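K.L.:
The chain contents come next:
There are 2 protein chains.
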Amino acid sequence: MLIETMTRQASIALLDRTRLARLAYVRDGQPHIVPMSFAYDAECLYSFSTLGEKIVSMRANPRVCVEADELINVEKWETAIVQGRYEELPDTPRYDADRRHAHTLPQRRPVWWEPGYVKTIIDGKERPLELLYFRVHIDRISGRRGVP
Amino acid sequence: MLIETMTRQASIALLDRTRLARLAYVRDGQPHIVPMSFAYDAECLYSFSTLGEKIVSMRANPRVCVEADELINVEKWETAIVQGRYEELPDTPRYDADRRHAHTLPQRRPVWWEPGYVKTIIDGKERPLELLYFRVHIDRISGRRGVP
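Which chain is which? The protein sequence lines are A and B, in order.
Going by this note's numbering, the residue at position 104 of the first sequence is 104; the numbering climbs one at a time, nothing skipped.
Going by this note's numbering, the residue at position 114 of the second sequence is 114; the numbering climbs one at a time, nothing skipped.
Any given hint could be a false lead.
For identical chains, the list gives no copy identity; a pair is met inside one copy or between any two copies.
No more than 20 Å apart at the CA atoms, straight line, and that leaves these computed lysine to any residue pairs for SDA-like [as the list claims (entries may be wrong)]: (1) K76 / R59; (2) K54 / Q30; (3) K54 / L131; (4) K76 / T104; (5) K54 / N73; (6) K54 / I72; (7) K76 / L2; (8) K54 / H101; (9) K76 / D41; (10) K76 / M6; (11) K54 / P93.
These aren't lab readings, by the way, just hints derived from the structure by calculation.
Remember, it's a predicted structure, so these values are computed and weren't measured experimentally.
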């Protein structure tokens, strides 16, 4: 197997056909990774979540990383890594168009939003379902692929 | 689908049967994610890599996060997330036993080491193959699963 760099276009294409990725954020110098359902559009990754530690941390430090991959087998895979900036899309007139946009994207991708908005039982308590839209602006993108 | 917390034992079991994960490290406040082949043993995740930006960053800030998952389908999945501490296993007498240990682990898991030690061509230049062992000490582990 060889590992090669991917073009920006190939990395974007991978993001465009992927709907599950991993999001990393930083809190007090400690990185955290969480799985994230998303949809790519126009240099941004759109997602939503309930309000929790992840959102609070990204509000404090909006620098995030997103990794998406497609693993065919151990010798044939692609991975795209985005360094980006978290932006919340609050429920205010200024963000109305963006929120509508974020809301319609999932309709092209059935169930991509499920992990962000399902009944979650943490330590026996049901998590409140306060819906929150956000996007990640792509500052830098790189991709690598394994070639048999 | 429900999302539930997993027991520590179930999270460790997931790490034990997984060989590919995502590693996050921090450089200058920016998180980075890279795919990582690994093997779990005795509260540590063992891996190796060639010397590069990832290793240099983890030497500067050893706080890392590792995420492993098993996705059966969008309603049935498990993910384990480790907050941990990077430790290099240098080629010195003090680390001889640990390095031998790290070296024998992959033999139980064919090809888990491949992405860390293959011929890599970055921007047309072959990457030097300086082999470097490390482990991640598990400080905290949490797991969640989707239940249909």
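K.L.:
Hint by hint, note whether the structure agrees.
P.N.:
Do the hints match the structure? See the list:
no.	hint	result
1	K76 / R59	neither (37 Å within a copy, 30 Å between copies)
2	K54 / Q30	both (12 Å within a copy, 15 Å between copies)
3	K54 / L131	within (13 Å within a copy, 35 Å between copies)
4	K76 / T104	neither (33 Å within a copy, 25 Å between copies)
5	K54 / N73	neither (31 Å within a copy, 24 Å between copies)
6	K54 / I72	neither (30 Å within a copy, 25 Å between copies)
7	K76 / L2	within (9 Å within a copy, 33 Å between copies)
8	K54 / H101	neither (22 Å within a copy, 36 Å between copies)
9	K76 / D41	neither (26 Å within a copy, 27 Å between copies)
10	K76 / M6	within (13 Å within a copy, 31 Å between copies)
11	K54 / P93	neither (25 Å within a copy, 42 Å between copies)
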